[in-house]
Every structure is written in structure tokens, then in C-alpha cells.
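Sequences listed follow chains A and B, in order. Residues 1 to 622, numbered by this note's numbering, are exactly what the first sequence covers, in order. Residues 623 to 1244, numbered by this note's numbering, are exactly what the second sequence covers, in order.
In short, the hints are calculated from the structure, not lab data. Ideal Cβ placement from N, Cα and C applies to all residues, glycine included. Hints are not guaranteed to be accurate.
[Said to hold, decoys possible] In silico SDA-like cross-links for lysine to any residue, where the CA-CA straight-line distance does not exceed 20 Å:
1) A:K23 - B:V971
2) B:K921 - B:V971
3) B:K775 - A:H246
4) A:K153 - B:G910
5) A:K23 - B:V859
6) A:K153 - B:E636
7) B:K775 - A:K446
8) A:K233 - B:S633
9) A:K299 - B:Q810
10) A:K289 - B:M782
11) A:K446 - B:Q810
12) B:K775 - A:T292
13) A:K539 - A:N513
[To be verified] Some chain A residues near chain B, calculated using beta-carbon distances under 8 Å:
14) D31
15) G99
16) R286
17) P432
18) A440
Protein chains: 2
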Amino acid sequence: MSEKGRSPHSSPVEISISEFFEKNRHILGFDSPQKALYMIVKEALDNSLDACEENGILPDIYIRIAKVDQDRYEITIRDNGPGIGRKEIPNVFGKLLYGSRFHAYKQSRGQQGIGITAAVLYGQTTTGKPSEIITKRAGDDVAFRFVLGINVKSNTPNVMVEEPVIWDQKSGTEIKITARARYHTGKQSVVEYMRETAAVNPNMELTYDDPDGNRMVFRRVADMISRTAEEVKPYPVGLEIGEIKHLAGQSSRKTVREFLVGDFSRITPGIADEILSFAGVDIEKRPGKLTTEEISRIKDAMRKVNVPPPPLRCLSPFGEIFIRKGLMNVYGDLKPSFYSKPVERKPSVYNSNPFSVEVGFVYGGDLPVDQQIRIVRYANKVPLLYQAGACAITRAVQETDWRPYGLEQRGGNGTPYGPLILLVHVYGVRIPYTSESKEAVAPVPKILEEIKAALRTAGRELKRYHQKSLKRKKAYEKFNLVGVMLPEIARKSASLLGRSVPDIDPVISKIANVLFITEDISKSGDRVSVTCHVFNYTKQIRSFRLVAFPPVGNIEGTDEFNIEKLESSRRIDIDFQVSDVKGNYPGTIYYFKGIDPIHVLGAEPLPADWKVSGIEVEVGDS
Amino acid sequence: MSEKGRSPHSSPVEISISEFFEKNRHILGFDSPQKALYMIVKEALDNSLDACEENGILPDIYIRIAKVDQDRYEITIRDNGPGIGRKEIPNVFGKLLYGSRFHAYKQSRGQQGIGITAAVLYGQTTTGKPSEIITKRAGDDVAFRFVLGINVKSNTPNVMVEEPVIWDQKSGTEIKITARARYHTGKQSVVEYMRETAAVNPNMELTYDDPDGNRMVFRRVADMISRTAEEVKPYPVGLEIGEIKHLAGQSSRKTVREFLVGDFSRITPGIADEILSFAGVDIEKRPGKLTTEEISRIKDAMRKVNVPPPPLRCLSPFGEIFIRKGLMNVYGDLKPSFYSKPVERKPSVYNSNPFSVEVGFVYGGDLPVDQQIRIVRYANKVPLLYQAGACAITRAVQETDWRPYGLEQRGGNGTPYGPLILLVHVYGVRIPYTSESKEAVAPVPKILEEIKAALRTAGRELKRYHQKSLKRKKAYEKFNLVGVMLPEIARKSASLLGRSVPDIDPVISKIANVLFITEDISKSGDRVSVTCHVFNYTKQIRSFRLVAFPPVGNIEGTDEFNIEKLESSRRIDIDFQVSDVKGNYPGTIYYFKGIDPIHVLGAEPLPADWKVSGIEVEVGDS
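Given these sequences and hints, build the entire structure.
Here it is as C-alpha cells:
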């Protein structure tokens, strides 16, 4: 055991983190040339989005992948972020384990200060070539250009060129890495990564030039700054003894009391007193002087005393709209028959780290019935395309019995079969990934538990849908009977008797007793003109609100319509335009409010939490 | 992207590897108290076995897990290894990324110099308590006792006590760690880990005292030193440009030619000249002066030139016997009807690292028919109990179409169903694990490929078995007919006619024409006395060899018997003893040599590579 240090051949030595990762690059996700290309783009893109989000910038990203020779590619990623200070550059790109977010107590894509440096290291290892960086801070009139590599033995930057350059960009950073790589465009490719990232970052404009000289543009479809997570102080409950000791040791506070109140979130003076008296620790004691035993008692006391749940502003979910967009993006032209109302769990804590789970799904329609359901995984807004098998999300799905919810699943475990696409987003201050490549969420019990709870809620909604769709089916049949047959009969008999066709809508209303919503669509270019028809085939006058949700593209003007006093047997038409529609328009989703759903065909009840999705801007208001 | 370093809140800082792993301990496998206990025992036990193997010591291991309080345990692991030098202790246990095997080019369990230190760190983080180490080198008359922790900020050892002590042990090391943990004994427990480790390390004696005061002893059942891997020089083909540059930079050789010949394996002066002329590099050039371009050309040249495959003595497979033992151990009392001849692939190379794959399986008998097959994973002789989903082994099984081999598998992928236990061992100089917890082999294409190839070979054997067992069935039926009915008839008719029963064995032989092997067993304590009956129901005199293989326990004396001239219709009895049989004795497996299998019932043909399994000692010879 201890013989870790012993070997008859070589004597033990210190290993630099760079040496370690050079030999173990698969841990960072660089396990094949194809994967490596993906990782380089991913690390760069994630960092760019973090930086823009934190600095309130609408991201403009440019990516270029150019073939150098048979197995070498030059990868360029440029952003319009805040840029980096000249002094920081060498360490940021040339030193592993150097970063700002590691100690920051907030949700972000990057965490460890490893990703982009690992990309530089991989390029150097596989091609011997250094990386090139250009960066400019807003307000500066010159940019700086660096050519650098990594001294592997010492894990220090090796700067070859450092020079001021003129750059026609207000601010931003560009990195160019030459690396062994293989290019493909199918599953788990850089392209899929860009697509799934764009899907949930509608405020990003991404231009991509591929190795064959084709350009692909992911347009910005929402002009708002996405809600960003705020940094907060550490949440004390669940912190390890060692961690508290650590914080106490470096605290500048005079007393334990001030330490608890000042250095943690959610601890008021009152709570601090409670904790300390419970732990039997002198409130005046210097934090640095706390013994392990005292800290251990304080730790236990914090569980007993009622500390409020952690502040949520350190988290940032997708919210309903983005989840829908994420789903749309996945199923392309298949038209599911059911769009779920996403489930958003109340945040909970896994050793002192707040986290939460969102789940959304689409079901039925043209989705394949005889295949395993599709699971779309996101962690802290980053799509996870690899290591599905290792991921807590996959495991939670497989360990959930889906049979009660109407899916086929052998023995009640394993990935179920059915026409279902499931989007699961785990987000938190510190996601425990199974490895540094951050491809899978570690199956930590607490997190598994939360995902499963979210899945069961989604499952119940799926079940309700099955039941409801039965009712609906009956209603439709009835409506088709009266709404289609009667007019036919009326017309026929009228022509036989040489009479004019009678208005039988009132009759239909009497029998059908439903509000019926359909639409006519005409598309020109990427614009769609929609005319929505609302028939009131009920006996009463109806007043209600109708919300139109275009699955793709963006509605112009309002998407919310108040229908005042639509009389029995009358119809009203609503016109609106949808822009930026690429490919097919799957048809508008309609929500209504103010009528018993049993009387409505062609629209869904408006989700109660419609406005709390946190991305109101995109919905627009009338 | 580059904004890794930027954050409006905190400025970038250097992160120590200890801080990194303290915050990301799940990457090291410490993701739950239950898992943590398992990891601590695992890291210690693996190191002990490595050290004993390298130093030609038969491992005597003692493990104790004692409950401290509701969620804290004290874990003690003691070995009889070579011990550690006093000066090395602090770094070996108190500094992450410090070890001797990292640069060693050979197969071993430990690699990174992280494992045991991570255990010390985890103990400190969760309980604030330091670890205690006692170690003694052979020949020294005193041992040294250390109490130490880790300075997380600087990743340096923090030694609190260092004192000489008297220790009644020739040499060895003991470590005591107090940590938050949860104890269980079921699947994925420390106990399962010890069992699966003992199964493939029959030369280890392991004594375990559990928290309830029960003692469990895994006896040494084989007295030989297991074949150990030897350290060799790096294999040049597949090395990265960066790595070659690195080696060239620190080489003491005068010329590139000497560098190639002296610092790598498999490069003769002749090959070196070929490579260099092919690359167009001056053979007299100083290694340190090589340009990236030249190195890149040398790298390409090494692929073109015919460099012999890497030396195999740096690898160490289980071999047939150990694989069988490994399997036996897993299926307990279920009696499979078929024991496969393990498949051993020729070693191949994944970026310059030699590796290979072994596969063995048992099939049928009492194994459950309607469940997924059981996959037993080993990497470098270490059982893998977690993260099956992420593992190349699991993926290779799931991506293999088992239907042609007679297993049920929906759509030809996914884990198949059937009465099969599959043991897969991946071993190599550097196994790419998906993370530092070393729980799963990364699905590197080259490795996936090799595993699949091995699985297909195993699959074909399974198919042959299915076909053969059909033939056998017929043969048995035929034999039962003649071998059972005829004597009956003879006896009956004899008694009717008041005659003595005639010897009809010759008649049976004429019709049956098989050699029939059965055995009688009597068990007392853990000793089994076996009498093996061999009937020659063929027309010829038969001479052949019979090898007895007791699935559990150990045969006393020879296990190989030469049967000279067994006449037609005659029978011979062979007696032998099997000791150390715990639980049921599933019956002996018999192999024969020297007869066409079609004429034999009750024994398998002797595997051709029987003697090349590398662990001859245990088979014994007559």
C-alpha cells in the first residue's frame, strides 16, 4: 500500500499536474482525435459563454476549423467577450489549475481552470506546435498577441511571442490551436455540440466555417442577456470539517461569531448564537484557534439549528421556453403530439452545494415507438454528448419504473422504449462530474434522488396525458361526427329540396359543446403567416385568453390575445407573423386561459408558472 | 473562452492539486460515505499487492474496519511488504502526485501516486483527523511511526509525529485512517472487493476483522509468486511528438542514433539508421537539438519502418487458472454446465502503450436464463465494481451482436440475456481509466476493438458449445439407452430364466462406443475424497491422459493421470483428495488428451495452451 513510493526500478518523484494530464489526457476527454476536436471547441465555447454571461454581453462567436494535413487541424475560436488582462494571459492558457471560478460560489460552465489549458497542452503534445492568442480589453486601443506553450515538467507557461497588435474589435479574445484531430459531422460531433448549445443559448450568434469551406450560422433569436447566476458566500450546512477548518484558518474575522455571520450565507447573528451555544463554543473565540473537536461540534450544530435554505440567485435554470427550444432542436421535423410542461425541482443541497433539476419532454406524434427513448442531457447549461452510461441522469432514468406511466420497460428498469424525448438539466454551484472531461454527472445519491423525483413528476404528467388524450379522442370523434356530418346532411337535403342551406351551427353547438381552434399557415422565405380560427361551438358566450407559442422562429408583436365575448356558434380569426423560421414550421402551439379544458379542442391549458420561467423577455406582453 | 481567468467577482489564482481534489473528491471515487470506505481499502490493498509482487513477497495482508461513531470509521491496513524509507514517508502519504510508477513503463495496479494520499486527504477533510503510518524495512531493527496530514493549500505533507517504534514484524507497512464512512457488505462493498481480489490473487493470505468483531480469512491457496511484469524502455511507435521532444530534451545520449537505440525498446542500430535516413535526419545530431519538424518526421518514419512489436514481459495476464478461479468465485454454488477455455488476445498497442485482453466465461447449468448476463470486469488485476456503464468492457459487450452465438438480445445490441457469466480482463502498461477513481476503462477505440475481438472469439466458442451439446445430448441418450436399458433387460431375463446375469459390457461397447467418465464424492470438513470411474465402452484398447481440475479447493498430489491400455469393456478407478473446499463441491472438471472427443462422455478435451497459462506451479506435474 504505502509502497506507492517503492519500486525496485525507479525511486519516487514529484509529478507535475501537466505531466499527469499529458499522460492521462483521456481523463480530460482527449481520448481520440475525433473527441479531441470536440473537446477543444467545447472548452473554448463554454468559456466564451461564461465570460459573456458574466459581463452582460450578447455573445458573438466565430469558430473555424481548417485542415492542415491528413490528421492535423487548426481550430480558431473568437468571441466578443471582455478580453483578458495582458499579465493574466500566460497563466490562463499555459498553466493547469489556474482560474477564477474555482473558489467562486456560483453556477458556471467552467470551474477548474483546466479546460482551455488542456486544449493548449493537447495541441502541443500531438503536433509540437504552440497556441496563438489575441485578446483586447474594452477601452484599450491595442490588442495583444501571444504565442505560447506549456513547460510540462513545471506546469508553467512557455511564452514565445508577446506583442501588441491592432485588432478591429472592441473587445474579445481569439485562440488558435493546431492539434491532431479527426473531423466528422454526425452524432457526438462538434457540429452537434454547436447545435445543442445554440438551442439553449438563443441569445448567441454563432458563425462556423467548416473544413470544406462551408459556412453555418446559428442566428441570435433572442436579444436578452440570459439570467446569470450571482456569486454568494458558501452555504455552511454540509461543509466538511476540513473545509470549515480551512476557512476559519484564513478568516480575517475577530471572533467565531463574526466568522459565521460574515463568511457564510444564511447565518444571522441570532442563528450564529444558537449554533455556538448548541456547540458549546465561546462566541468570542478567534476562528483560527478553533480545535477540530469544536469545529466538528459546530458542524453538527448547524444541522440541528434551523439554517434557512441556500440563496437561489447562485443558480440559473433554463426555464420553460429554453427547455422547449432545446427539445424542438432535437426532434427536428418529427411532430410530437404532446409537449410537456417542464418540471423544475426546488433547489436542494449536496454537500453544501446548492443544485437543482429541470425536466421536459415531448411525446408521441412521429417519434419512433419501438426504439429506446431519447435522453438529452445538460449540466450547467452545457450539453453532455458522451459517457451517457456513466451519468447520473441516465442512471436515474434506468432506475425509474416507467411502466405505470405507459412506457415499455423490461422488468421495470433499464432505458424504456417509446416515442419519448426527455430533456434533463442538472445545474448547481458545483456539479460533481465523473471526470475532468465533464461528460457525465457523478451518480451522487442526493443528486440521483432529485433527478428521479423530477422524472416521476414528469412520468405522472405523461400518464395524465395518456388518460386525457383518450377523453380528447372521444371528444374529437363526437365533434367530427356533428361538425362534419351534419353540415353534409344539411347541404345534401337542401339541394334535394331545392332549398337554401340552413345555418346549423347552433345545432352543432348544442350537440358538440366545444371551442374548436385550428390554423391556416402560409410560408414565404423564413416568414410564416398564421391565421388562427376559433369556433365557439358551445351554447354560452365565451371570453378567454389565447397564447400562441411558435415552436420555431419568433412571433412578431404580441403572442397573447384576449377574446372578449365570442358568441355561441360564432367564429373569430386571429392573424400573426412568425419570423426566422428555418425548415418546416411544425404548427403553432396554443394555450388558453379562462375555460374548462373539457370544452376546448386544439389548445392546451396555459401553464400556471408561465411567467416564472425567468425569461419573460422572449414571450413578450400585450 | 480565454475568460477562464476572468470573473467580475474574483481574480484568477493558482489552485493546488490538493485543493482541486478536495473539492472534486468524487473524481477519486469518494462520492459517498459507503464508496469512500471502499476506496480507502482498495487503494491500500492495491498498493500492498503491487509492492509484494515487485519484491517477490507472498502477500500477508491484515485489514480492520472499526466503528468510531455513527458515521466515522477507523480503517487499518497492514502488509508484509518491503516497507518504505523514512525520508519518503511524508511525501508518499502527504503529497498528491508523488510516486515511482508514473514514469515506469510496466503494468502495475497503482500508477499515478494519488490513490493512498487521496485516502489520507479524505480522512482529514471529513474528520479533521490525521493518518497514522508505521513502516519497517527488512533488516532494520526499528520501525518508524508517523502521524501526518496534508497542507491543502500547498499540497505538502504536514507531519505531526515522527518517532522510532519497536514492531514485531520483519518488514511491512501499516496505515490507519479515520474517515466518514458507511459500512455495508452487499454488492459493491469492501467485502465484495476483497473476495474478488482474493479470487484472482490465490497467493495472498488476507485476514479481515469487520466492525461487528467477526473475522474473515481468505486463505492462501497457491504458494507461488505470481508472474510479475518487468519494466522496459518506452516503446517508440505511437509516442506523441511532444513526448519524444520531452525525452530527447532530457536524454544524456550524444547523438540521435544513440538516443533512439538507447532510450527506447525494440530499436536496433540498424532500425535507427533506417528511421533516420527515412526521416532525413542527421544521425550525429544531438537529441536536444532536434526541431519539432524533424521529430515529426522521425515519428512518421517509425510507422513506416518495421519496428518489432513491444516486449511482452512488461505485461502480466491472469492466465487460464486464475480466470477460472475468478469465475468460480463469482457464481458461488450455481453449477454452470460449460466452462470456457479463456481467450487471450495477442498484445497490441494504444498510443505506444502495450495492452491486451483476456476473456473467460461459464454458461448454463443453474445460471438464470431470463436475466441479463453477468459481466465481471478486471483492469490490471484489479476488480472493477463501479461505473460499469462508462466502461469500455461493458460497451464492447453491448455493441457486440450476441444473437448468432445463441443469446437473446433486442436489436442485436445492449446487454444480452442468458445464463452467462463473462469475465473480461484488460491489462497494460497504462490503462486509460475514465477518471482517477479507476473504476472504468475509457472506451478508447483501439481498446474497444480488442475487447470486441476477444468477445467474438468467446462467442464463437459459446456457439460451438451449443452445437456440441446437441451432439452430446444425442450421445448421452444413446448411451443411457444401451448402458442402462441393456443391463436391466439382461438382469430381468436372467432372473426369469433362473440364469446368472451375463457380462454384457462388450455388447454395450459394441453399440455405445464411448469412453464414459463419472465420479463418486465424499466430503468431510473441507476435504473431499474423489473416486473417478473411467469405463471404456469402446471396442479398442485406449491409452490417454486425464487431468482433474477441482473448481474449488486444491487437489493434493498430482492432478494428471496417464491411463495406459485400458481394455475394451473394462473400467479403471482413480482416487484423489481435494482440500480447502469451502461450501459445496460442484464436482471435478476432467480434461483428456489422446482420444477423439466424439468418443468421450464426461470430460473436455485438454486446452492446447494448458501449460502456457504462465502459472504452471499450481497445476503440478506427474
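Each hint tested on the structure:
Taken as a hint, the A:K23 and B:V971 pair is honoured in the structure, with Cα atoms around 15 Å apart against an allowance of 20 Å. For the given pair, B:K921 sits about 15 Å from B:V971 by alpha-carbon distance, which is consistent with the 20 Å threshold. A threshold of 20 Å between alpha carbons decides the hint, and for B:K775 with A:H246 the separation of about 9 Å falls inside it, so the pair holds. For the proposed pair A:K153 and B:G910, the alpha carbon gap of about 16 Å is at most 20 Å, so the pair holds.
For the suggested pair A:K23 and B:V859, the alpha carbons sit about 16 Å apart, so the restraint of at most 20 Å is met. The hinted pair formed by A:K153 and B:E636 meets the criterion: a straight-line CA distance of about 17 Å does not exceed 20 Å. Restraint check for B:K775 and A:K446: not satisfied, since their Cα atoms lie roughly 28 Å apart, outside the 20 Å limit. Note on A:K233 and B:S633: the hinted pairing holds, with a Cα-Cα distance of about 16 Å set against a maximum of 20 Å.
Between A:K299 and B:Q810 the CA atoms are separated by roughly 29 Å; this puts the pair beyond 20 Å, and the hint is violated. In summary, the hint linking A:K289 to B:M782 is supported, as the alpha carbons are separated by about 17 Å, within the 20 Å threshold. This hinted pair checks out: A:K446 and B:Q810 have alpha carbons roughly 18 Å apart, not beyond 20 Å. As the CA atoms of B:K775 and A:T292 are separated by approximately 18 Å, the hinted pair is consistent with the 20 Å bound.
About 7 Å separates the Cα atoms of A:K539 and A:N513, which keeps this hinted pair within 20 Å; it holds. With its C-beta approaching chain B no nearer than about 5 Å, A:D31 sits inside the 8 Å limit, and its interface hint holds. Interface hint status for A:G99: upheld, as the beta-carbon distance to the closest one in chain B is roughly 5 Å, under 8 Å. With its C-beta approaching chain B no nearer than about 17 Å, A:R286 sits outside the 8 Å limit, and its interface hint is violated.
For the restraint placing A:P432 at the interface with chain B, the shortest Cβ-Cβ distance is roughly 4 Å, inside the 8 Å limit, so the hint holds. Given hint, A:A440 at the interface with chain B, holds; its Cβ is 7 Å from that chain's nearest Cβ, closer than 8 Å.
The earlier numbered hints that this structure contradicts are 7, 9, 16.
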